[in-house]
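Engineer: Required output: the full structure, derived from the provided sequences and hints.
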Amino acid sequence: MGLKPLGDRIVVRQIEAEDVTASGIVLPDTAQEKPLRGEVLAVGEGRWENGTRVPLDIVAGDEVIYSKYGGTEVSVDGDDLLILRESDVLAKAVK
Amino acid sequence: MGLKPLGDRIVVRQIEAEDVTASGIVLPDTAQEKPLRGEVLAVGEGRWENGTRVPLDIVAGDEVIYSKYGGTEVSVDGDDLLILRESDVLAKAVK
Amino acid sequence: MGLKPLGDRIVVRQIEAEDVTASGIVLPDTAQEKPLRGEVLAVGEGRWENGTRVPLDIVAGDEVIYSKYGGTEVSVDGDDLLILRESDVLAKAVK
Amino acid sequence: MGLKPLGDRIVVRQIEAEDVTASGIVLPDTAQEKPLRGEVLAVGEGRWENGTRVPLDIVAGDEVIYSKYGGTEVSVDGDDLLILRESDVLAKAVK
Amino acid sequence: MGLKPLGDRIVVRQIEAEDVTASGIVLPDTAQEKPLRGEVLAVGEGRWENGTRVPLDIVAGDEVIYSKYGGTEVSVDGDDLLILRESDVLAKAVK
Amino acid sequence: MGLKPLGDRIVVRQIEAEDVTASGIVLPDTAQEKPLRGEVLAVGEGRWENGTRVPLDIVAGDEVIYSKYGGTEVSVDGDDLLILRESDVLAKAVK
Amino acid sequence: MGLKPLGDRIVVRQIEAEDVTASGIVLPDTAQEKPLRGEVLAVGEGRWENGTRVPLDIVAGDEVIYSKYGGTEVSVDGDDLLILRESDVLAKAVK
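Chains as they are written, first to last, in my numbering: chain A, 1 to 95; chain B, 96 to 190; chain C, 191 to 285; chain D, 286 to 380; chain E, 381 to 475; chain F, 476 to 570; chain G, 571 to 665.
The set of hints was computed from the structure by calculation and includes no laboratory data.
Beta carbons: idealized from backbone N, C-alpha and C, even for Gly.
Do not take every clue at face value.
In silico lysine-lysine, DSSO-like type, Cα no more than 30 Å apart, as pairs [what the hints assert, rightly or not]:
1. A:K68 / F:K479
2. F:K543 / G:K665
3. F:K479 / A:K4
4. E:K384 / G:K574
5. E:K384 / E:K448
6. G:K638 / E:K475
7. F:K479 / A:K95
8. E:K475 / D:K353
9. C:K194 / D:K289
For the chain F half of the interface with chain G, some residues (derived, Cβ under 8 Å), not all of them [unchecked claim]:
10. L481
11. E514
12. G521
13. W523
14. V551
Structural biologist: Spelled out as structure tokens, the structure:
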């Protein structure tokens with residue numbers, strides 16, 4: 001993929017709600033602030049804080065649950081992707 | 096459980112109001128900002144502050160009182176859970 | 191009591207307005223933002239700031255004047271208590 | 286007096302507008318955000334900032350000009366007092 | 381004068397708009413957020429930041445241009461004065 | 476080009492939506508907060524944080540995806556350009 | 571000129587839109603948040619941050635593009651000037 005996110009941003013491809021993955025995670029329709037699931041395709045180098053970078057706790061390949069709020073849609077070579085900040089990610093699936 | 100919360104987040108399974116636990120804690124219906132009780136299932140590694148992680152004061156297995164405000168509902172293998180920040184937790188039961 | 195407050199929080203049992211204590215403190219009904227009196231039952235370990243905990247200036251047993259704003263009511267073994275942040279405490283009685 | 290203010294708070298007894306003190310300070314009725322004069326009865330130990338306390342520039346006995354905004358009224362042994370933050374104090378009288 | 385301002389505050393006596401001073405500064409009536417001119421009578425010791433005081437760039441005797449927003453009027457021995465923060469001062473006259 | 480952006484700002488020339496570049500990135504019309512593509516012409520030295528400059532992760536010549544929010548249009552020698560902050564840039568194309 | 575700006579402020583004389591300078595910069599009327607051009611006449615010593623001053627990236631004589639938002643008009647010896655913060659300056663002309 002041709003995208004390198006900046007700072008504490010990541011690039012995610014959404015996993016459809018009906019798709020069952022090995023993690024067993026399902027996101028209910030009744031949730032107030034509806035979260036989404038996705039696969040991480042690329043991560044930034046981390047934001048700067050007082051002269052050092054804050055490392056990300058996410059790597060490419062992770063399955064994550066995230067809040068869509070604040071994300072930006074983009075299409076690369078026909079692939080629909082989302083650019084998020086790491087702080088929009090609530091949890092990741094344990095493999 | 097297949098969920099690893101990020102940063103200062105925790106995963107909680109709510110304890111129903113009528114359930115009595117060894118802690119003796121009951122949450123009155125008349126409370127203004129109604130708190131909830133839950134069992135902690137997983138905790139994050141802590142958020143970064145100036146190059147070090149801030150450790151969490153909560154571990155898996157704790158019984159906690161929390162404010163639901165800001166939490167996100169998620170279902171893992173048919174189990175209804177809540178992802179919160181540690182700052183949403185007011186107190187824990189002393190064992 | 192079975193509650194351990196987190197961070198800079200404390201647990202307080204309210205002293206009724208008509209109760210006179212050795213401190214001689216009375217809180218007038220005419221006060222704009224009406225403060226309350228209480229006895230401190232438990233205190234947290236302090237919040238983290240840049241790698242160290244900020245110690246609390248309050249210990250269990252203190253009589254304190256506090257603003258109820260932000261506190262959360264909870265009942266433990268039939269005892270009605272309030273969980274506050276230390277910043278909601280204005281002053282303590284000198285013994 | 287039986288009150289010890291917490292952090293950067295102070296306890297003040299208001300000086301009535303018509304009272305003339307040695308400082309010669311008078312507060313006009315026409316002032317937009319009307320300030321008040323008072324005598325400082327007790328001061329806190331200072332708030333914590335990055336592991337050290339910030340000392341107060343006010344001591345008991347000072348005559349101060351303050352903005353009432355944010356203060357809380359309290360009565361101790363029949364004495365009407367006000368609990369303020371040091372940041373609510375604009376200036377002190379030079380003796 | 382009998383007033384010592386606290387922290388980063390200063391005491392100013394306003395110079396009337398029609399008064400011409402050696403600085404040649406005039407403040408137009410058409411200015412959006414109308415600034416004022418004044419003579420500095422007293423300055424504070426500076427606010428605390430991480431264990432040190434931030435020194436003021438203004439000394440008593442300076443002629444300054446300031447935004448009245450946030451200032452508080454006070455009268456000392458019949459003299460109408462204004463207490464401001466240093467951040468309300470835009471510039472000083474070069475002598 | 477005759478413009479040097481200040482601090483963490485950059486100067487960008489927008490790439491039209493229909494233009495296909497080697498990166499393969501396309502931005503859909505249906506995106507909520509519609510992002511834009513551009514070529515970076517100049518970058519600032521970085522903003523100051525506690526005595527050091529925060530270096531930019533972008534250099535002149537990069538193809539970037541940015542949010543137009545907060546940008547300012549300017550024309551230099553007939554060339555229509557945009558001045559942005561680095562934080563408005565979401566990602567860059569990997570070459 | 572008789573004005574010394576305080577902290578991170580600068581004094582600017584606006585260049586009229588129709589005036590062409592060596593920099594070739596023109597500011598279009600159609601810009602959303604219309605920027606302005608000006609010549610810098612004086613700069614402050616920089617604001618304090620944790621015990622050191624943050625140096626300004628602008629010197630007297632620079633041609634700058636700035637956002638008028640937040641600036642204050644002042645007249646010195648019949649000269650109409652503007653006092654801005656450095657953060658209101660977007661870029662400077664390269665000589």
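Engineer: Against the earlier hints, flag every one the structure doesn't satisfy and list their numbers going up.
Structural biologist: 1, 7, 8, 11, 12
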